[in-house]
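*Asks:* Residue 1 is where the sequence shown starts when you use this note's numbering, and the numbers rise one by one after that.
These aren't lab readings, by the way, just hints derived from the structure by calculation.
Ideal placement from N, C-alpha and C gives every residue a C-beta, glycine not left out.
Honestly, I wouldn't trust all of these hints.
As a list, the in silico DSS-like pairs of lysine-lysine whose alpha-carbon atoms are at most 27 Å apart [said to hold, decoys possible]: (1) Lys23 to Lys53; (2) Lys111 to Lys69; (3) Lys53 to Lys69.
Now the in silico label distances, taken between C-beta atoms and shown as ranges [said to hold, decoys possible]: (4) Ser85 to Glu204: 32 to 38 Å; (5) Thr188 to Gln57: 40 to 46 Å; (6) Ala108 to Pro169: 47 to 53 Å; (7) Phe161 to Glu79: 26 to 32 Å; (8) Asn209 to Asp187: 35 to 41 Å; (9) Glu219 to Leu143: 33 to 39 Å; (10) Ala21 to Glu79: 21 to 27 Å; (11) Met58 to Phe84: 42 to 48 Å; (12) Ile215 to Ser85: 47 to 53 Å; (13) Pro151 to Leu227: 40 to 46 Å; (14) Phe152 to Ala125: 20 to 26 Å; (15) Glu204 to Leu224: 24 to 30 Å.
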Amino acid sequence: MKGGSVMLPLASQSEPIMASARKQVAQRQQLAQVAARLMAEQGIRDFRVAKQKAAHQMGIDVRQSILPKNSEIEAALAEHQRLFSAEDQPAELADMRQAALSAMRLLADFKPRLVGDVLSGLANAHSDIQLHVFAEQSESFDLFLEGRGIPFEIVERRYRFPTGYRFYPAFRFVAGEHRFEATLFSDTEIREAPRSLVDGAPMERANLNRVVELIEQAEFEDRLASL
């Protein structure tokens with residue numbers, strides 16, 4: 001002791017910092033779980049919206065909190081489905097993939113690619129079947145749907161690329177019991193996938209043959225499980 005001051009052990013000085021860090025980690029995990037539940041139960045597609053709603057439910061100021069990454073919410077969503085939707089979700093997913101396959105065959109001239117939750121396996125009854133389609137002339141897709149008597153509405157979607165954001169028309173329509181959203185890109189953009197909202201990597205796209213493989217793989221696994 002010198003000059004009346006007391007030197008605290010280093011361990012004592014670091015304990016409040018470690019406790020605060022543990023609290024932040026726990027809060028972040030809980031936020032991810034609540035956001036995942038909201039996405040599963042309310043059909044929220046936007047990670048940012050899910051985070052804000054989760055923070056509001058928990059009474060957390062988003063401006064002063066470390067929010068979970070989108071990849072953490074996706075992992076929590078997969079766990080939520082495993083725990084609470086194990087009986088229904090696989091059948092719902094299989095049905096949606098079959099519907100996607102039928103639509104992709106119909107839209108074969110537009111080189112369709114399956115994207116989103118139906119591809120990743122996280123889709124549920126709230127999910128849209130999301131496709132990317134490609135055409136040299138954007139009007140050709142409108143005319144195709146109109147020619148087959150398929151009512152649709154057009155909304156604008158924003159995608160991120162290494163060079164910045166681009167905006168595209170997305171055609172929303174219903175076929176059978178399923179909602180579809182087909183975003184229209186130019187022919188040349190089939191070789192340049194936008195960035196994923198989950199991890200920032202190029203978005204995964206599946207062509208028709210890949211969707212067939214996914215369906216057959218799931219059917220094979222179901223047969224094995226029933227033995």
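*Asks:* Any hints from earlier that this structure breaks? Give me their numbers in increasing order, please.
*Replies:* When the structure is compared with the hints, numbers 2, 4, 6, 8, 11, 12 turn out to be violated.
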